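Q: Listed here are the chains, written in short residue letters.
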Amino acid sequence: MTAFVASRRRPFLQRLADASEPWLYTAPALILIVAVMLVPLVLGVSYAFRDIKLLNPFGGGFVGLKHFEALATDQAFRTALVNTLWWTGASVLIQFVFGLILALLLNQPFRGRAIAQALCFLPWAVPSFLTGLDWAWLFNPVIGPLPHWFVALGLMETPQSILSDPDLAMWGPIAANVWWGIPFFAITLLAALQAIPKDLYEAAAIDGAGPIERFRSITLPFLAPTIAITILLRTVWISNFADLIVVMTNGGPADRTQIVASYIFTTAFRRLDFGYASAIALVLLVLLLAYSMLIVLLRQSLLKRG
Amino acid sequence: MRRNPVLTVLHRLAIGLYIAFALFPLYWLLKVSVTPNDLLYSEGVRLWPSRTSFEHYAFVIANSEFPRFFLNSFIVSGSTAVIVTIVAAVAGYALSRFAFRGKYWITALMLLTQMFPLVMLIAPMFKILSPLGLTNSLTGLIVVYTAFNVPFATFLMQSFFDGIPRDLEEAAMIDGATRFVAFRQIILPLTLPGIAATLGFVFTAAWSELLFALMLISGNAAATFPVGLLSFVSKFSVDFGQMMAAGILALIPAALFFLLIQRYLVQGLTAGAVKG
Amino acid sequence: MIKSLIAASVAAVLMTGTALADTTLKLVEVITSPERTETLRGIVKTFEEANPGTTVEIISLPWNEAFEKFATMYSAGEIPDVMEMPDTWLALYGNNGALEDLEPYLKDWEHTADLSDRALEFGRQVGGKTYMLPYGFYLRAMFYNKKLLQEAGVAEPPKTLDEFMEASKKVSALPGKYGYCLRGGPGGLNGWMMFGASMAGSDQLFKEDGTSTFADPGWVNGLKYLVDLYRNGYAPKDSVNWGFNDIVAGFYSGTCAFLDQDPDALIAIAERMNPDDYGVTTMPKGPDGKTFPTIGFAGWSMLANSAEKDLAWKLIATLEGPEGNIAWNKRTGALPALTSASKDPHFATPQFEGWFKELADPDAKPLSMPTYLEEFAYFKDSLVIKTSQQALLGEITPEDLARQWADYMTAAQQKWLANKK
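Protein chains in written order, with this note's numbering: chain A, 1391 to 1696; chain B, 4 to 279; chain C, 16 to 436.
Hints were generated in silico from the structure; no laboratory data involved. Keep in mind the model is a prediction, meaning the values are calculated, not measured.
Pairs of lysine to any residue, SDA-like flavour, derived with a Cα cap of 25 Å:
id, chain 1, residue 1, chain 2, residue 2
1, B, K106, A, I1685
2, C, K192, B, D41
3, A, K1588, B, H14
4, A, K1443, C, A319
5, C, K60, B, S67
6, C, K252, B, L42
From just these sequences and the hints, can you work out the full model?
A: Written as structure tokens, this is what we have:
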């Protein structure tokens, strides 16, 4: 702020230099984002209103809202949308709950904490393709142990892959995603936990607050902004994240694990219908934007209260 | 604070359970990689094969092009991590320290880029990069990965800077230092953990990326290791043993790097606590 | 020391100069594995030695992603000179003007007469132009597990569909064992086609006016046969999502006793199973005493945009010539396209007997898929997987399944017929 007060007394050129300073610093990032992401993105959005089929040299004309009209009655899209809600909601929620528990556990000092922390965070370093393959094996009754454990626990009658069961298939990729994604929440929440001043807890303890009361009145409010931003980012990432599903079930059986992101991929690269795929992508983008606005507003109100 | 011994035991038990959960799938990868082909299915559900062999590792190291894929991955991930961290540090600093018109637009733009399904960027991106000679080249891949990772890295760096009191640099600037000198001599050393964290985050992300590596690169000369892994999947058979051996070898650098920096990740984030 | 360094670097610069003057051909392979690439490199080397100054750059696209990858490359103008062409892509690229007609080159080629009639017929499938030269065929036959059949009390491998159902039932009575390694996931169409056609007793897929036969009673019965097999528990419950690796693993591991596969699966199976424990026989026959094992093919195509067509042809000729064809098919496991190559001792082993018997059987007629239809790739890779899984899970009836397929294929065939006029 002092910089701004001072700038009023400076000559014009100096003020110009000051005003352009932040732009100078952000320029490399902005140029990169605009050139590599925004330009293809705008191109991609324009496809949604055109008849673009890869390999079709005669396509490319504008078709207006035709793709969106088709989308309105597309049963497969509706199924994929519902599946996306499931996939994203369950993945984010479970990752968050376990991530929070892990962060709380690791926040207590104990011997060997550094190494335990390192091991807990390891799954995050595994490429998603390998994660998917690995979990597909774990669920396979011939080359994986999980179905046999389920049988031993009485959860299943004969060892079978849940990936082939239409009612359970979605839980396969969700389990893999939870395993892979817990560390992200744990790392960010642990960092936030460590930033909470310790004397607050001591003061509360002196006032006679129990552990649950302390968690509710100190920990949660301090974590709230971090929780909001990490949940926002993860929701957006996961709803666009089809790698695990493509590797593990390829959308099957009978489209039970087809999410919008994998449906876009199938439409674009199997049917080679880029126009329609872009239209679906645009709808997904709008939905995610609406969701993000909601979270940002929520976070603003939380920050104000805090 | 003294703790209840029952709670302590429960606490250690919970940690142990989670570590087992985190490591078991990795253990399974390791198991498959040392199982000889003829036992892969017949002893598929055993916790450890009756006979182990390192033939898959030997094949991957001696006969496949994995050493080159490795090198390519190192070049791409390393360069991406360094460039992203520099670009994001500068941008994050600006977002943290200046109140300027357009700041919210920049943040919004960066958030927007996180939402668009990347699948749809492939074809347009290929069309743009192809005439520039940037398809099928490591440089092209570095450019693309850098752009993808800058937004999140900028958020990270901004939160680190937010955690450093402004008084420090303002004091220096009053003493006559330029903003740049203040940044370099005072702020930068304080953000080192944050920088390490960003480096590590971007490195692992670039090391694992498959979709764009696959679509932008053809031919082995510029292939990265995730693409190389797919070469073990043919139409008619998959050599899981070799593939897993390659996968385990490829995990080692990423895991090591991650283990080294994860301490800074928490420490660095603590400074700003991802306040966004 | 420094002088020699300078000399070396000057030499290096000169050499890159000459290297730039040379021609480079781009060769894309799409059905890849490290071993296949190695074999391909060996064949290409003989070509490079015979044509000094020409280098061939081999681009290997992993099969699972090859379709989208190549389509992206092609549409952005990164076009190779020669490519490996799977049967399912031929119509798409042929009809869009991407491929060069090889007929003029075949006229003067010394080995043209050696090509089997079937190879030429498949190569000329799209618009009557020779857009590809098949290097080999993939013909389905039935692998069976001798041990499991013995345990279940099945004396000999089933010859008819009824016997097949009966044998599957007996094997499934064993705890944890199943009859058929059903492929409900990617690549499952072949199985549906074979059981459908064998039940219908005909390989006619379309009527004169372009109407698909899928919805005819015979076909519906065939589809129903497979759905019943699954719903009665004669195939593993998991198999609704199985792809190539899962069915082959199911067979190796002795989970299921019957597997329909191409000869290339032999390579993988021979590595993991005792040769005395399994056999290969003709696919089971339908009520009319006929069976229709599917036949597929892959080959080499020249791209119409190639700047070096004569060299590109020479490369194809090397790949397709006797030496190249034998070496390549030994690795791929396909039945070779050259008549002389199929006489190579490699294919005279008892392993291949099952296929040659099937080929010789007048009641086993190879069924070729309508790969000349552009819509076929999507039909096979997306529509069929989704709808057949729905049928297996009991969400739609076999009649619904047949009707959906018939509707899609009728539209595709009639469009094709209209364009032909």
